[in-house]
Each structure stands twice: as structure tokens, then as C-alpha cells.
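Enquirer: As a plain string of letters, each chain reads:
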Amino acid sequence: MGILRIGHASLRVMDMAAAVQHYEKVLGMKTTMEDKHGNVYLKCWDEWDKYSLILTPSDQAGMNHVAYKVERDTDLDDIQAKAEAWGVRTEMLPEGTLPSTGRMLKFNLPSGHEMRLYAFKECVGTDVGNVNPDPWPDDIRGAGAHWLDHCLLMCELNPETGVNKVAENTRFAMEVLDFFLTEQVVVGPGGAIQAATWLARTTTPHDIAFVGGAQNGLHHISFFLDSWHDVLKAADVMAKNKVKIDVAPTRHGITRGETIYFFDPSGNRNETFAGLGYLAQRDRPVTTWTEDKLWSGIFYHTGEAVPSFTEVYT
Amino acid sequence: MFFTPQTTVQVEVADTGERYACTRTESLLRGMLRLGQRGIPVGCVNGGCGVCKVRIVQGQVQRLGPISRAHVSADEEAAGCTLACRVAPLTDVVLCVEGRMAKPFRAGSAARGAGVSNPQPTR
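So the sequence lines, in the order shown, correspond to chains V and Z.
Everything in the first sequence is counted per my numbering, starting at 2 for the first residue and increasing by one.
Everything in the second sequence is counted per my numbering, starting at 9 for the first residue and increasing by one.
The hints are simulated quantities; they were obtained by calculation from the structure and are not laboratory data.
Computed from a prediction, not measured in an experiment: that's the story for all the values here.
A portion of the hints provided could be inaccurate.
What the hints assert, rightly or not - Pairwise CB distance ranges, derived in the manner of DEER restraints:
(1) Z/Ala-82 with V/Leu-5: 42 to 50 Å
(2) Z/Gln-14 with V/Thr-203: 24 to 32 Å
(3) V/Gly-304 with Z/Glu-85: 38 to 46 Å
(4) Z/Thr-99 with V/Pro-58: 32 to 40 Å
All C-beta atoms, glycine included, are put in the ideal place defined by N, C-alpha and C.
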């Protein structure tokens with residue numbers, strides 16, 4: 002019941018040809034559809050639904066919306082009622098609003114980010130099929146990302162004015178969308194300010210994350226790889242393709258992810274990461290990172306600040 | 009020829025007085041990064057995040073790619089503002105830094121005047 006996983010992200014790009022080249026050649030996605038508005042739809046080889054990324058032409062970068070898939074169509078009605086009761090206005094978009102996709106419940110998180118939920122998307126199968134499948138297909142390109150795994154949204158946080166959209170989003174995600182909290186960063190006097198949170202619906206440490214910043218935006222969308230060596234190979238692919246790497250391969254303390262961060266040709270940050278971290282469960286005690294150890298949580302090996310990582314986003 | 013130096017021009021960051029040599033085929037920001045120099049804030053290096061916003065106060069530059077209109081309006085661009093990652097110098101250039109990093113977490117202001125030795129998680 003309820004949300005299964007992240008379904009897709011819709012990103013704005015300023016040069017469609019460069020963007021498609023990036024997501025195909027560097028990430029290893031395949032284009033599955035284009036629509037009459039010039040939007041391009043792509044999927045990873047290990048995903049079975051028709052698309053997990055929508056690229057839309059724009060004069061600026063950033064995220065249009067992020068969508069999560071729910072298990073049953075009736076979940077959309079249930080969540081709509083809960084969201085409205087919580088005080089969040091919703092709209093049910095009819096089937097076909099996005100191609101190959103059923104009706105979508107649309108609303109804005111307290112931070113303002115647009116989220117959509119849907120129960121149906123055309124299933125086209127993974128690239129290895131589901132009868133006696135090989136472990137991987139022969140035509141993998143670039144990093145060969147398995148699937149879109151999660152996103153991190155930057156949310157307005159200003160203790161001086163009392164604005165904390167991280168805490169509001171977290172409460173909404175837990176009370177209405179039934180996510181559970183796995184990790185958090187607390188700052189300020191007595192650690193009273195919840196400055197970043199990681200939340201799950203699956204058994205991985207996060208399916209969505211909220212981090213406080215000066216203004217709302219997209220920090221990154223993240224793709225799953227199998228192993229640490231795949232992370233290294235992904236970095237090789239980026240160097241070959243002159244992709245701007247933000248953070249070279251390292252490990253997060255938070256979620257334990259083995260990671261690399263880089264930018265798409267419009268400056269939207271991507272992550273490829275490996276390692277499922279730990280078994281995330283509702284009864285697992287929440288991990289807390291304190292302000293003095295914040296950067297060990299972010300980059301475990303050095304524990305040192307990398308300003309571009311937290312201050313640059315679209 | 010074993011050594012064919014590329015023609016470079018001088019870029020000066022007026023705010024700090026830092027100077028570096030940049031080719032006329034690379035962006036102002038890439039040229040700075042390649043030499044390990046500092047002076048202009050570095051973000052996505054792809055025209056999207058806006059942190060390398062600069063104003064060209066002397067010299068000529070050429071656009072290399074799209075610039076996010078969320079960070080540089082058409083009017084601003086006409087007045088000499090641009091993103092250092094998206095323009096190459098055609099001549100010697102003097103620039104002023106207009107962009108700045110947006111502080112994360114507001115940790116500094118949040119922690120101002122208070123210890124964090126005994127933090128309590130919020131739920």
C-alpha cells in the first residue's frame with residue numbers, strides 16, 4: 002500500500018541534444034519516447050517502466066517535478082484525502098497528462114517543490130527480460146546506471162525568520178506519504194533545528210532527502226550502480242566525456258553510500274552511487290549527525306567542507 | 009614543432025587582483041580551473057547554477073553555450089553580466105564577481121552564540 006519508489010524526475014535542460022547525449026552516453030540510459038512538445042523520455046536498463054527521466058527544453062536548469070509510484074490506484078484517493086486534511090492542496094491530473102502514464106495526484110510539498118504520484122505507467126520490461134534473464138545486457142553504455150534511485154531537494158531554512166521547510170517537508174512526508182525517517186542532521190542551540198533529513202519507503206536508506214539551504218531547488222537526482230568499482234568506472238566515463246565532476250569517488254557517512262557527483266550539461270547535479278548501505282526498517286533507530294560532525298556525515302573520509310557541494314544547485 | 013603554445017589573453021579578477029592566462033577557446037572559468045587558480049566562485053561549470061556570475065568591465069568575450077535565465081536576465085546580459093563558465097575571452101579581460109555561494113544549512117547563523125556540545129535530535 003502507498004508509495005513504492007521514485008518513479009521519475011522531470012528536469013529542465015537548456016540544450017536538449019547535449020542533455021540526451023549526456024544521459025545516454027554517460028549514464029547509459031536509453032531514449033524511449035519523445036513527445037510533440039520536444040520532451041524526451043529515458044529509462045535505465047534495469048528499470049521496467051517506460052521512463053524514469055523526462056528532459057524538457059527550457060532557458061534555465063532545475064526540476065519541474067518529481068514523481069513517485071504508488072501500489073494501487075486507490076492509494077491516490079487515500080493520499081489525496083490525507084494531504085487535503087493536512088492542509089496541502091491537491092489536483093488529480095487525468096490519465097494521459099503524461100504519455101504512457103495513468104492519472105497523477107499533483108501537489109506541492111511545503112517547500113514548494115512539485116510532487117506527483119501515480120499508480121500506472123506502461124511496463125516495457127528490463128533490458129534482460131524476466132525469463133531466464135542474463136545478469137546484464139550486452140549493450141550497456143557509459144556508467145550503465147541500473148535505476149533512478151532517489152532525489153535530494155534543497156529546502157528553504159532560515160532560523161532567523163523561523164522558516165524550516167526541511168522540518169515541514171519531513172513531517173508531511175511522514176504523516177501523509179508514510180515515509181519513515183532514517184537519518185537527520187541537527188544544528189543550532191541544543192541541536193534544535195532539523196537541517197537535513199533522509200527518508201525511506203523501500204528498504205534502502207533513502208528514497209528522498211531534504212536539505213536546508215538559502216532557497217528551494219534541486220540538489221541532485223541519483224542513479225544506482227552495483228559496486229565500488231562501477232563508481233570508479235563511472236568516473237572514468239565522465240573524464241572521457243569531459244563531464245564536470247563535482248565530487249570525485251568517495252563515501253558518505255550518511256547512508257554509507259559510495260558516491261560520485263557530477264553535473265549534466267545544463268548544470269543539474271547527478272549522482273551515481275553504489276552500496277545499499279544498510280537495511281532500512283521502520284523500527285531501526287534514527288541516525289543523527291550533529292553540527293560538529295556534519296561534514297564527516299557528508300564526506301566520511303576527509304570530514305572537510307566542500308562548499309560547492311552544499312552551496313551550488315539548480 | 010614540439011611546442012606550439014596557444015595564444016592566451018590575460019584575465020583579471022578586479023575584486024581580488026588575481027590574474028591568469030586563458031586561451032580564446034576555453035571559458036573564463038575553465039581557464040582558471042585548469043591552472044588551479046581562484047577568484048571566481050566555481051559551481052556546475054555548465055551554465056545552470058549561476059554562482060560564477062561575473063560582469064565584464066573591460067575587454068570582449070564570446071558566448072560558448074546557453075546561460076540560465078534564472079540567473080542572468082537578457083537585460084543583465086546586455087549590460088555586461090554573464091556566467092564565467094559560458095564565455096571565452098577574445099581579448100584581455102577585466103571582470104568583477106557578481107555571483108556568490110548561498111550558505112547551506114544556515115549552520116553559522118543557527119549556531120551563533122550557542123554551543124552544540126549536547127545536541128538533541130528532533131523528531
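Enquirer: All hints are to be evaluated individually against the structure, with a verdict given for each.
Expert: Hints and how they fare:
A C-beta distance of roughly 43 Å is found between Z/Ala-82 and V/Leu-5, which places it inside the suggested range of 42 to 50 Å. Take Z/Gln-14 and V/Thr-203: their Cβ atoms lie about 51 Å apart, and the range 24 to 32 Å is violated. Distance hint check for V/Gly-304 and Z/Glu-85: the Cβ-Cβ separation is about 40 Å, which falls inside the suggested range of 38 to 46 Å. Range check, Z/Thr-99 to V/Pro-58: Cβ separation about 33 Å, and the 32 to 40 Å hint holds.
Figure legend: structure checked against the earlier numbered hints; the only hint not met is number 2.
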